[in-house]
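2 protein chains.
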Amino acid sequence: MVTLADPLALQDIEPYLTAVDDLFARELSSDLDHVQKLTTHVERFRGKMLRPVLVFLSGLAARKNAQPLGTTHVTIATVVEMVHVATLIHDDVLDNAEIRRRGATVNHLHGNETAVLLGDLLISHAYHLCSGLDSQIASRAIGRTTNIVCEGELTQNFNRGNWALTEATYYDIIYRKTASLIETSCRLGAWASDADAATIEALGTYGREVGMAFQIVDDLLDIAGRQKTVGKSLGTDIEKGKLTLPMIHFLATAAPSHRQLLISLLESETSDRIDNVRQLLIPSASMRYARNQAQQRIDQAIAAISILAESKIRQTLINMAHFVTAREL
Amino acid sequence: MVTLADPLALQDIEPYLTAVDDLFARELSSDLDHVQKLTTHVERFRGKMLRPVLVFLSGLAARKNAQPLGTTHVTIATVVEMVHVATLIHDDVLDNAEIRRRGATVNHLHGNETAVLLGDLLISHAYHLCSGLDSQIASRAIGRTTNIVCEGELTQNFNRGNWALTEATYYDIIYRKTASLIETSCRLGAWASDADAATIEALGTYGREVGMAFQIVDDLLDIAGRQKTVGKSLGTDIEKGKLTLPMIHFLATAAPSHRQLLISLLESETSDRIDNVRQLLIPSASMRYARNQAQQRIDQAIAAISILAESKIRQTLINMAHFVTAREL
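Protein sequences appear in the order of chains A and B. Last residue of the first sequence? That's 329 in our numbering, and every number before it is there in order. Last residue of the second sequence? That's 329 in our numbering, and every number before it is there in order.
Hints listed in this document are in silico derivations from the structure and should not be mistaken for laboratory results. Here the structure is a predicted model, which means the values were calculated and not measured. Honestly, I wouldn't trust all of these hints.
[Unchecked claim] For lysine-lysine, the following BS3-like pairs were computed, each having C-alpha atoms within a straight-line distance of at most 25 Å:
| # | chain 1 | residue 1 | chain 2 | residue 2 |
| --- | --- | --- | --- | --- |
| 1 | A | LYS48 | A | LYS37 |
| 2 | B | LYS240 | A | LYS37 |
| 3 | A | LYS48 | A | LYS228 |
| 4 | B | LYS37 | A | LYS240 |
Extracted from the complex, chain A is given alone in its bound form (with noise of 0.2 Å):
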C-alpha cells in the first residue's frame, strides 16, 4: 500500500484496496495447481497500489454525492492492476531482470517461456474481468491503452542503442508504456463516478502528468538508486542502451569529449559498464535537470485538479503527486 503519502483520505479507501486483493486472487484462481502457484507468487509483486488507490481517489473525488463506491470502481482498479503486474512480468523478461520487489522475478524463478506465459494469462484475465461489467466502455478504455502500453515498448525496443534518442521520443514513450495507464486509471475512475467531462479531463491530465514523472523519477532511480533501497534490479536501462533523460540530456549539453566517453562507455562490453555510466551522471547537471522535468509535471498535474472543490480527497491527490518525486533513491 501507499506509506510515504500523508493518509489523509487513505484509510477512506482501505476497504477498497481489500476488496481489489480479493477479487484479484478470486479472478486468478485456478484449479491446476501449478498455474495457482505461480499467481500466488505473482501477488507478491504488487506493492504500492498506486494504479488501483488512483482509481478509488478519483471515483471519490468524481462522485457526486457521499454514496460509497461501486462494484465498477472494485473491478476497474482490478483490472488496471492486473494489466500493470502483466506489464511488469514481460518487462522482467525483456530486461533479464532478477529481482522485483525485493523477491525473485519470474523468469529468474521459472525462465523465460514460463513468465511470458504468466504474463499472457494475466492480461487475459484482466480483460476477462473487464469484458464482465455491464458497458463495454471500460473494456474499450483498457484495450485502447493496452495498444498504447506495448507501442511504447515496441518503441523503446526499437530505440535501444539509438544514441541520438530525443527527448520528445523519450516523452512519447514513457507515456504511452506509463502514463497512458495511469491516466486511464484516473479517467475511468472518474467516469464509474458518472463524473462530467471537464472533472474526467482534469483527472486524466493528473494522472498522466503523475504518470510522466513518476517514470521519470523511475529512470532516475534506475541509474542512482541503491537496489535495497529500491527492491528491484538497477541499471537495466544502461545496461540494454535504452537512454533516459539525463543521458539524453548529458548527451545534449555536455563537453563533445564527455559526450563521447558516455557513448563508448554505453557500447563497452566490460563488467563495469554500469558502474561507470553511473559515476559519470550522477554527479552531472542531467540529473538534476531530470529532476526539475519531473517536478514540473507534478506542478502541471496538481494545476489540472485545481479546477475540482478543495477536499480532503483533492489534498490526498496533492500529496500522492508530490509523493511520487519524494521516492528514496
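Chain B: place on chain A using the hints.
Quick look at chain B alone, frame taken from chain A:
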C-alpha cells in the same frame, strides 16, 4: 485460404474473408513506422484462416433466413484470427522456431524481445476490436477462452520432460491450447446469427472435436512431416521435451527396452536426437494409433452437426473436418 477442402460453400464466404483481411490490417495500422512494418510482416503468417472460415460457416449454418452475415461476424472472425496469430508469435518464441509459413519467424528476424511485445500488441488489438461490439458477450467469451489457452500453454510447458505424461493430460492440454479457440469460433459464429442453444452447442462440439483432431495431426506432422511441405519448423516437440500422442502411446505400450530407448533418445543432448526419435517412432504402431484417434474426433465432429438441416453449408463443414486428417506430410 482453405485450398484442399471441397470448395462447395467456400466461394460464398470469400467476400467475408476479404473483409477480415481489411479489418485485420485496419485495426493494426499504426502511425509508428517500426510498428507498421512489424504488423505487415505478421500478415504473412495468416494462412488457411481456419478460424475465420469456421466463424462464417457456423454463422451461415445457424442463420434462420437467407440474410447475409453482418459486421458482427466479420469482427468476431478478425478477433479470433488475431488471437490465433498472437499465440503463434509467442509459441515461436517458446519453441525457438525459425520458420513459420515458409518465412522467418518474428523472433528469428527481430529477436525474442520484439516477438514478445508484438504478440502482446496483437492480443491487445484483438480485445480492443472485440470491445467495439455492442454487447459484452463476445468479449467475455474471448477472455474466457484466452484464459483457457494460456492455462493450456502453461500446463504444456510445466510438463516438458515429464515422460509419465498421461493421455488424459495430453488431451486436456490440446483442448485448452488449440481446440478451445476453434470451439469458441464456431459458437460465436452461431451466436452472432441468433442461433438457439442446441445449434450453438452442436457447432461448438463440432469445433472442439475438429480442433482436437487438428492438433493431434499437427503433432504427428511435427514428427513425420517434411519441413518443406508443412512450411514451419518441425521436431520442436522432441527438441523441447513435449510428449505428444504417439510418444505417450509408445511409452505406454512398447516393450520395456524400446520404452527405455525412446526416453534415452529424448534425454540425449546429441544433434541427431530429433532424427533418432523420428526413426524410432515413424514405423511404430503409435503413429497409426494417433491418426485413428484424430479420425475418431472427426467422426464425432461430423456426428455433432447431424442435427442441422442438410445443406451445402453443412456438407462443407463435413468436408472441412475430413480435410483436417488429410493434411499432407
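Status of each hint after checking the structure:
Pair hint A:LYS48 plus A:LYS37 holds up; C-alpha atoms about 22 Å apart against a cutoff of 25 Å. At most 25 Å may separate the alpha-carbon atoms for a hinted pair to count; B:LYS240 and A:LYS37 meet this at roughly 23 Å. Pair hint A:LYS48 plus A:LYS228 holds up; C-alpha atoms about 17 Å apart against a cutoff of 25 Å. For a cut-off of 25 Å, the pair hint linking B:LYS37 to A:LYS240 stands: about 23 Å separates their Cα positions.
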